[in-house]
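> So you can see what is in the structure, the chains are spelled out below.
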Amino acid sequence: METNKTKEALFSKKNRKLLSDPMNINNPITVQVLGICSALAITVKLKPAVVMSLSVIVVMALANVITSLMRNMIPNRIRIIVQLVVVATLVILVDQVLKAFVYDVSKQLSVFVGLIITNCIIMGRIEAFSLGNTPWKSFLDGIGNGASYGLILIVVSFFRELFGNGTLYDYPVMEKLGLYELGYHNNGMMLLPPMALIVVAVIIWWQRSKTPSLIEKD
Amino acid sequence: MQELINIFVKSIFIDNMIFAYFLGMCSYLAVSKTVKTGMGLGLAVTFVLTITVPVNYLLQTRILDKGALAWLDPSFSDVDLSFLSFIMFIAVIAAMVQLVEMIVEKFAPALYSALGIFLPLIAVNCSILGGSLFMQERAYSTIGQATAFGFGSGIGWLLAVLAIAAIRERLKYSHVPPALRGLGITFMITGLMGIAFMSFMGIKL
Chain A
1 METNKTKEAL FSKKNRKLLS DPMNINNPIT VQVLGICSAL AITVKLKPAV VMSLSVIVVM
61 ALANVITSLM RNMIPNRIRI IVQLVVVATL VILVDQVLKA FVYDVSKQLS VFVGLIITNC
121 IIMGRIEAFS LGNTPWKSFL DGIGNGASYG LILIVVSFFR ELFGNGTLYD YPVMEKLGLY
181 ELGYHNNGMM LLPPMALIVV AVIIWWQRSK TPSLIEKD
Chain B
1 MQELINIFVK SIFIDNMIFA YFLGMCSYLA VSKTVKTGMG LGLAVTFVLT ITVPVNYLLQ
61 TRILDKGALA WLDPSFSDVD LSFLSFIMFI AVIAAMVQLV EMIVEKFAPA LYSALGIFLP
121 LIAVNCSILG GSLFMQERAY STIGQATAFG FGSGIGWLLA VLAIAAIRER LKYSHVPPAL
181 RGLGITFMIT GLMGIAFMSF MGIKL
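Chains as they are written, first to last, in the working numbering: chain A, 1 to 218; chain B, 1 to 205.
It is possible that some hints are incorrect.
Derived lysine to any residue pairs resembling SDA-like cross-links, with alpha carbons at most 20 Å apart [to be verified]:
id, chain 1, residue 1, chain 2, residue 2
1, A, Lys17, A, Phe139
2, A, Lys99, B, Leu64
3, B, Lys66, B, Ala179
4, A, Lys107, B, Met193
5, B, Lys33, A, Met23
6, A, Lys99, B, Ile87
7, A, Lys107, B, Phe83
8, A, Lys99, A, Phe139
9, A, Lys210, B, Ala179
10, B, Lys10, A, Leu214
11, B, Lys172, A, Trp205
12, B, Lys66, A, Ala100
13, B, Lys172, B, Met193
14, A, Lys107, B, Lys172
15, A, Lys47, A, Lys17
16, A, Lys107, B, Asp15
17, A, Lys210, B, Leu180
18, A, Lys176, A, Gly166
19, A, Lys99, B, Met193
20, A, Lys107, B, Asp65
Rather than coming from a laboratory, the hints here were simulated on the basis of the structure.
In this text the structure is predicted, and so the values were computed from the model without any measurement.
Working from the sequences, and respecting the hints, build out all of it.
Following this line, the structure appears as structure tokens:
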């Protein structure tokens with residue numbers, strides 16, 4: 001009984017918060033402003049966005065655990081390089097797996113798989129969280145932040161693919177609905193890179209009007 | 001020479017790091033509150049890109065590519081180390097940033113204090129690694145081309161940061177809906193600027 005009191009349950013309230021907070025009030029993209037680069041460039045279609053989110057979740061969770069295990073051994077001065085090496089190794093693994101199993105998606109993602117290394121989300125969470133917390137908590141934090149990053153990616157790419165291309169996950173939704181015969185046209189604009197920014201801006205706008213505590217003061 | 005100028009202009013306007021690929025967005029959003037800080041980081045990024053892209057080009061063509069090690073010994077001609085490129089590039093970048101920081105601190109203390117905290121942060125700026133990865137993907141044929149690309153990308157990034165910083169300074173006086181204030185409106189403006197930059201796309205170089 002003594003040990004139960006001092007030891008926290010695996011899914012205690014505090015730990016569950018680590019998973020749920022990033023979804024809304026501490027969202028990595030719309031609130032912490034991390035990892036924008038890749039979020040915008042690969043959201044033209046759902047499929048690459050899903051693959052990218054999965055890769056980021058895997059890399060983040062593992063990188064958080066590894067750095068958290070080593071947190072007492074890393075000298076402060078060279079910690080950035082140590083973190084970069086850990087993340088780079090994991091990204092190489094992910095890249096090789098993608099090349100082996102989903103080659104066409106890997107070609108579409110091109111340099112953006114490599115850019116997971118410098119994705120600020122990963123470095124940011126390592127710096128801010130896993131260097132000061134236990135491996136299990138860091139793991140949850142990694143999953144939570146990775147998943148909420150993926151959520152934004154998927155929402156953005158959903159709208160861009162639906163309105164820009166008329167398909168969802170390569171399934172021709174608009175054609176099956178028969179909208180083209182009614183004179184509907186795809187909005188090619190949605191496929192252009194700048195529209196990703198505007199879609200994210202609208203998400204931010206919506207989220208902040210729902211949660212006024214997030215509104216920035218001048 | 002004409003080819004180099006083409007690559008240079010193309011990497012500034014048509015393949016702009018921010019407006020076409022969104023690389024380095026995180027620091028772009030963080031430092032663009034005032035023109036002064038934007039200028040500081042912009043110069044540092046240009047500086048580091050101009051150095052790391054050619055260095056990584058040499059690394060790529062002399063060591064990592066398939067058959068690149070043949071200059072060492074003919075028996076190495078079917079060694080392919082290109083899967084190591086991520087970790088090698090990022091190591092070169094981190095080392096270069098450290099080196100640049102020390103050199104600038106020693107020989108140009110004024111510049112060093114102007115750049116301040118931004119220099120060490122450049123190692124994790126996506127646009128730097130992005131520059132090297134694009135160089136690898138586009139397979140430039142000479143080191144001159146790679147340098148022109150690196151320098152041009154840096155200038156393009158600097159230009160984008162200066163433009164948005166100037167707009168954000170003016171934005172302080174305008175009436176933005178509360179929920180869009182700060183991040184939201186900056187995203188929208190960047191999007192609109194991106195659309196404006198797309199007009200360069202039709203230009204053939």
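> Indicate, hint by hint, whether the structure satisfies it.
For each hint, the structure was consulted:
1. A:Lys17 x A:Phe139: holds, 13 Å
2. A:Lys99 x B:Leu64: Roughly 18 Å separates the two Cα atoms, so the pair holds.
3. B:Lys66 x B:Ala179: violated, 52 Å
4. A:Lys107 x B:Met193: violated, 28 Å
5. B:Lys33 x A:Met23: violated, 27 Å
6. A:Lys99 x B:Ile87: holds, 17 Å
7. A:Lys107 x B:Phe83: holds, 15 Å
8. A:Lys99 x A:Phe139: violated, 26 Å
9. A:Lys210 x B:Ala179: Holds: A:Lys210 and B:Ala179 sit about 9 Å apart, inside 20 Å.
10. B:Lys10 x A:Leu214: The hint is violated at about 39 Å.
11. B:Lys172 x A:Trp205: With a Cα-Cα distance of about 18 Å, the restraint between B:Lys172 and A:Trp205 holds, given a limit of 20 Å.
12. B:Lys66 x A:Ala100: Roughly 18 Å between the alpha carbons, so the hint for B:Lys66 and A:Ala100 holds.
13. B:Lys172 x B:Met193: holds, 18 Å
14. A:Lys107 x B:Lys172: Answer violated: A:Lys107 to B:Lys172 is near 42 Å, above 20 Å.
15. A:Lys47 x A:Lys17: Not OK: A:Lys47 and A:Lys17 at ~29 Å, beyond 20 Å, violated.
16. A:Lys107 x B:Asp15: Holds, at roughly 19 Å.
17. A:Lys210 x B:Leu180: holds, 12 Å
18. A:Lys176 x A:Gly166: Holds, at about 10 Å.
19. A:Lys99 x B:Met193: violated, 35 Å
20. A:Lys107 x B:Asp65: Between A:Lys107 and B:Asp65 the Cα gap is close to 18 Å, so the pair holds against 20 Å.
Checked against the numbered hints given earlier, the structure breaks hints 3, 4, 5, 8, 10, 14, 15, 19 and satisfies all the rest.
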